[in-house]
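Asker: Residue strings, one per chain:
Number of protein chains: 4
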Amino acid sequence: MIAILKQGTTREQIRLLIEWLAKLDLDVHVSEGAEVTVLGLIGDTSRVDMDLLGSLEMVAAVKRVSEPFKQANRKFHPKDTVVQVGDVKIGGGHFAVMAGPCSVENEEQILSVAQAVKDAGAQILRGGAFKPRTSPYAFQGLGQEGIRLLLEAKRQTGLPIVTEIMSISTLEVFAEVDMIQVGARNMQNFDLLRELGKTKKPVLLKRGLANSLQELLMSAEYIMSEGNENVLLCERGIRTFETYTRNTLDLSAVPVLHELSHLPVIVDPSHATGSARLVPSMAVAATAAGADGLIVEVHNDPSHALCDGSQSLTPAQFSELGGKIRKIREAIV
Amino acid sequence: MIAILKQGTTREQIRLLIEWLAKLDLDVHVSEGAEVTVLGLIGDTSRVDMDLLGSLEMVAAVKRVSEPFKQANRKFHPKDTVVQVGDVKIGGGHFAVMAGPCSVENEEQILSVAQAVKDAGAQILRGGAFKPRTSPYAFQGLGQEGIRLLLEAKRQTGLPIVTEIMSISTLEVFAEVDMIQVGARNMQNFDLLRELGKTKKPVLLKRGLANSLQELLMSAEYIMSEGNENVLLCERGIRTFETYTRNTLDLSAVPVLHELSHLPVIVDPSHATGSARLVPSMAVAATAAGADGLIVEVHNDPSHALCDGSQSLTPAQFSELGGKIRKIREAIV
Amino acid sequence: MIAILKQGTTREQIRLLIEWLAKLDLDVHVSEGAEVTVLGLIGDTSRVDMDLLGSLEMVAAVKRVSEPFKQANRKFHPKDTVVQVGDVKIGGGHFAVMAGPCSVENEEQILSVAQAVKDAGAQILRGGAFKPRTSPYAFQGLGQEGIRLLLEAKRQTGLPIVTEIMSISTLEVFAEVDMIQVGARNMQNFDLLRELGKTKKPVLLKRGLANSLQELLMSAEYIMSEGNENVLLCERGIRTFETYTRNTLDLSAVPVLHELSHLPVIVDPSHATGSARLVPSMAVAATAAGADGLIVEVHNDPSHALCDGSQSLTPAQFSELGGKIRKIREAIV
Amino acid sequence: MIAILKQGTTREQIRLLIEWLAKLDLDVHVSEGAEVTVLGLIGDTSRVDMDLLGSLEMVAAVKRVSEPFKQANRKFHPKDTVVQVGDVKIGGGHFAVMAGPCSVENEEQILSVAQAVKDAGAQILRGGAFKPRTSPYAFQGLGQEGIRLLLEAKRQTGLPIVTEIMSISTLEVFAEVDMIQVGARNMQNFDLLRELGKTKKPVLLKRGLANSLQELLMSAEYIMSEGNENVLLCERGIRTFETYTRNTLDLSAVPVLHELSHLPVIVDPSHATGSARLVPSMAVAATAAGADGLIVEVHNDPSHALCDGSQSLTPAQFSELGGKIRKIREAIV
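Top to bottom, those sequences are chains A, B, C and D. Just so we're aligned, residue 1 is where the first sequence starts under the working numbering, counting upward by one. Just so we're aligned, residue 1001 is where the second sequence starts under the working numbering, counting upward by one. Just so we're aligned, residue 2001 is where the third sequence starts under the working numbering, counting upward by one. Just so we're aligned, residue 3001 is where the fourth sequence starts under the working numbering, counting upward by one.
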């Protein structure tokens, strides 16, 4: 870490600063230039509060030279991590599509969608049981019963399942779930991340609506620092001024995350765009950008006129998309 | 709630949509115009998923006519809510300043800052015990011991205390805390909000970095819908492209929240700007805009050269600010 | 256009509003519902100031049912527009790659890059002569001399050229330029757009850093409303909170613009990401998303160690990218 | 300027980089630390393209130590600039309120509003003659005739006038205008800025919707570098994800701009919020934050029911606001 000091900083101030940094077990290499003095901080700088350091009157700027994440860092783990979810491998050349309804509604629905997405080529079944909803008055999901239904669908189709957790207190309900999703709103629910780090379960960690890629990696680090290396990073759109799409899908996240980290990168085009019409083109674009997998909403009742055009694809649309994705995968290898 | 249907929507599609809405206990008033058909949804529309409705192929736009929040809504509670924190009243003409260090570090520190901010005019002591940190390797706060020290400072100074909760599992540690803070990162940790709604404790609810004012009010609604009406809304800066300040303080939130809700509105200029130099002008601006209170960082060691210029004010600067705030309060009444 | 009136609006207020709208040659269809009154505005609503209408006290919301752009609108021109730039066709199934250096520096440079990008498969040569620079002290481009050099490169390679205009006053200097670029900063320089509308030259219109897709289409409409239909829309990244990339490339712009408009859509991955390492994956992703073309920076001196890693590709990297793009094109057809 | 090189950069690469920097007339001070090598660039670094330098493969980060603006920089001009507009002084303790209608509509309107805002305490009359409109089909203002009417209002009331320019080609029409406004969309229309720099007229430079404060200062620098020091900076809201207000008024811009620059800072609460209800609280907040002036929309026809609630205040509301502003001014001195 580098701290650039303002012109006019006195030797006494520098001495005090070095003394303070020494308490954090850091050595300091001082370089006095014609215009500025630069401090090189040597040691474990991940403990340094950059915001605090940068806010000191004498400090013009602070710059990390090494990233603050370690276990998620490709520098220290050059090889791609391959996460195993049931029998399905993701990352390191293994590509997986997760599909299913937004919410689990009832047994008939989840069983029929599960079969439909399996037939259309999905490797993992997704479905919401605990639903984070902006309004306390909205449907909050079937909860534990929803997970029971997902497990039933797993038994019937053989597809491993991924579903979202909202609170540590429900962790034991997820005992047989193959992969646990942490939603965008909980990306910095650090206590939840730590608890998931104590399990060995694969965690699908979604990027928060206003979180930087570095913050996403730091949240992965929370999970990994507790011993769980099975983390998948998921780009699902960020909040911007544009209102035509629900969020703005940041596909440059795919090559950036691959550059910075060895963890698999998944893209969710359904939540990002909020419109089924846009899902196929964003799904193929994500694949072309090098994503290791996709998570796509497919709804339950393709015959039901009402649902056409929602953010969920019909099984037929999803099946057609699968064909394109395979061709793109071949094109970029 | 109004749904505007696209041109070319068939009667059969409209019939199916009305049928679906009827299942949500909504009556529908159909108005066919020359260019569009407009549906007026009558009944408890707070249960309707606007995103879903708006994503239907036949729907051009959905517009709420009534806000989705009820208990936080000024329409149904025209009078300002006054929240009592210890002996201190906030809202409805009562203005309060909360001050203290970013983190509780040790007994000497918290006791001396507590006395200093009391002497300088603060009515409530703030201080972090459980600290949400981006990095798992950073100092996470003193936790339970930090709360014990805050309570000791309360005993010695008589100031009520406010401190942040990060997880439901620690709720009992907050038994003697006067006001519980929900941080920006947990604004949509709905399980936590619900549990706090089951207490009667005042809750200082901070706006998330990328959350709209309506989402802030919906999170307040989560707390209130469980029976706790003692909610204070806190604007603390949002994430934008500007990098000179840490976040962008959205002061128009003050009149907007006052218009929409009866709850007190607090402003945190310290975290929003990230720089002590900007805190005083933003604190007086917030007061002039009509805020019901401020929460300000004041650090522990005014004699310590290192800390000058951080986001925390010295007790002397804080005391001077107090004088200005009182003059502004008189000017706007 | 629909205006939803607030509850409690009096008949007299409605009468006044209808009177005012009548002055804009609009008929009004009034629909009084149980909760709200909805006005349907019939006629040429493109002249209505939505902001003004929406800001009236009595109006709860205003919603356009028809888009405010006409000539750029796919509804009225269902067939894809094909723009011809020299011998090169773009749009309607024709895909083109434009490449070249950020700035024209000297004759040797532009001639060598032009030949290199031609050899590597580019169909159009790009290069900056008039450069919009944040600082008045930075290099502002070679200006007219730069355009002379581009024309020389065109003569030697046969590649048509595209270069940016900054001011109407230089329009005649662009007489032999094949396609004129309007940069992001000038996307709403309406006087410039109108003048370009009076020519028949293809215009590459870049999206502003903070402009919505609808605003981009309205700016295209400025050009088209003066009689020039040869407009290409260019997504080049928007400004968000993320700092790892220079801007956030919004690839969902590609399907959205194709849905709303018949104009070709070009993507600029170089300026969006600011890093050559990210250009190839974003270029193939843009192609997979359905873009009609790409504009890519390729630098002049592949042997020069200094430039490696800047936002420009080397000719070799660009040539390799060309092969991938062709495979992606085949995969998505 | 500091460039931090990545670990593993070779001596040969460093030599090449220093050679390249030498061509820009920069001396380089090399400091090799244990982990990184830091280059200190000495000389006129305002010509260095930071983006380009930072994008080089070997460069980990670039940091300006000195700001890239000079004439606008408080470091080199510690004393506040006072701009004189007609008889009115702005800056350096002089506070001015500019008021008037959004657009000049006709003689009767502008004369009556001019008299009304004068009676209510405004010192400068504002009014749009050339209007930048998103749609080519919307009313584009009265143009030259609008300026003639403003000058007539000036003659009758004695108020100096400020109005917006959109194109260099109309500059001579502004000969008798007291202050020229550059709108948000033209903040980086560099050719226009340069031409205005060749006049001596006060220029009210509005911040672009997505422009940083540093970019605003760089645009001021464009004007000043041509010899015109009469520049006023205007904060008018930035584009964010929040949709309740039209834009997000960034009031921290006031102290930040005062810290960085000696130029007066004006705030426009009308365009920022888009709602007359929010204008008074934001106007007093801006005053409390230390703004040197306000520009406020006041409409023409207070008796006309239609306009109530638009973004414009009535003369009565504006007059009441004036009283509050005076009290705030007294409170903060």
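Be careful, since some hints might not be right.
As the list claims (entries may be wrong) - DSBU-like mimics (lysine-lysine), calculated; alpha carbons at most 30 Å apart, straight line:
1) A:K70 with A:K200
2) D:K3079 with D:K3089
3) C:K2131 with D:K3198
4) C:K2075 with C:K2089
5) D:K3079 with D:K3131
6) B:K1198 with A:K131
7) A:K6 with A:K154
8) B:K1070 with C:K2063
9) C:K2198 with C:K2079
10) A:K131 with B:K1089
11) D:K3324 with B:K1089
12) C:K2070 with B:K1063
13) A:K75 with A:K89
14) A:K6 with D:K3006
15) A:K327 with C:K2118
16) C:K2006 with C:K2089
17) D:K3006 with A:K70
What the hints assert, rightly or not - Computed footprint of chain C on chain D, listed as stretches where at least three residues anywhere in the stretch have a Cβ under 8 Å from a Cβ of chain C:
18) 3049-3056
19) 3122-3136
20) 3165-3177
21) 3204-3210
22) 3240-3248
Since the hints were made in silico from the structure, they are not lab data. The beta carbon of each residue, even a glycine, is placed where N, CA and C say it ideally should be.
Asker: State for each hint whether it applies.
Answerer: So, going through the hints one by one against the coordinates:
Between the alpha carbons of K70 (chain A) and K200 (chain A) the distance comes to roughly 19 Å, so the proposed pair stays at or under 30 Å and holds. A hinted pair counts as satisfied when its Cα atoms are at most 30 Å apart, and K3079 (chain D) with K3089 (chain D) qualifies at roughly 15 Å. Distance hint between K2131 (chain C) and K3198 (chain D) is fulfilled; the C-alpha atoms sit about 20 Å from each other, no more than 30 Å. At most 30 Å may separate the alpha-carbon atoms for a hinted pair to count; K2075 (chain C) and K2089 (chain C) meet this at roughly 23 Å.
Taking the CA atoms of K3079 (chain D) and K3131 (chain D), the gap is about 35 Å. The hint is violated against a cut of 30 Å. Of the supplied pair hints, the one linking K1198 (chain B) and K131 (chain A) holds, its CA atoms being roughly 20 Å apart against a limit of 30 Å. The suggested pairing of K6 (chain A) with K154 (chain A) is violated, with an alpha-carbon distance near 61 Å, which exceeds 30 Å. Proposed proximity of K1070 (chain B) and K2063 (chain C) is supported: the alpha carbons are some 25 Å apart, at most 30 Å.
For the hint pairing K2198 (chain C) with K2079 (chain C), the CA-to-CA distance comes to about 23 Å; that is within 30 Å, so the pair holds. For the hint pairing K131 (chain A) with K1089 (chain B), the CA-to-CA distance comes to about 36 Å; that exceeds 30 Å, so the pair is violated. Distance hint between K3324 (chain D) and K1089 (chain B) is fulfilled; the C-alpha atoms sit about 26 Å from each other, no more than 30 Å. Restraint check: the Cα-Cα separation between K2070 (chain C) and K1063 (chain B) comes to about 25 Å, which is no more than 30 Å; the hinted pair holds.
At roughly 23 Å between alpha-carbon atoms, K75 (chain A) and K89 (chain A) fall within 30 Å of each other, so this suggested pair holds. At most 30 Å may separate the alpha-carbon atoms for a hinted pair to count; K6 (chain A) and K3006 (chain D) meet this at roughly 23 Å. The hinted pair formed by K327 (chain A) and K2118 (chain C) meets the criterion: a straight-line CA distance of about 28 Å does not exceed 30 Å. Straight-line distance between C-alpha atoms of K2006 (chain C) and K2089 (chain C) comes to about 51 Å, which puts the hinted pair past the 30 Å bound.
With a C-alpha separation of about 18 Å, the suggested pairing of K3006 (chain D) with K70 (chain A) holds against the 30 Å cut-off. Counting residues of the segment 3049-3056 of chain D whose C-beta lies closer than 8 Å to any C-beta of chain C gives 5; at least three are required, and the coverage claim holds. With 5 residues bearing a CB less than 8 Å from a CB of chain C, the segment 3122-3136 of chain D meets the requirement of three and the coverage assertion stands. With 4 residues bearing a CB less than 8 Å from a CB of chain C, the segment 3165-3177 of chain D meets the requirement of three and the coverage assertion stands.
Closer than 8 Å: that is the beta-carbon criterion, and the segment 3204-3210 of chain D has 3 residues meeting it against chain C, so the requirement of 3 holds. For the segment 3240-3248 of chain D, the proposed coverage by chain C is not satisfied: 1 residues have a C-beta within less than 8 Å of a C-beta in that chain, short of the threshold of three.
In terms of the numbered hints stated before, the structure departs from hints 5, 7, 10, 16 and 22, listed from lowest to highest.
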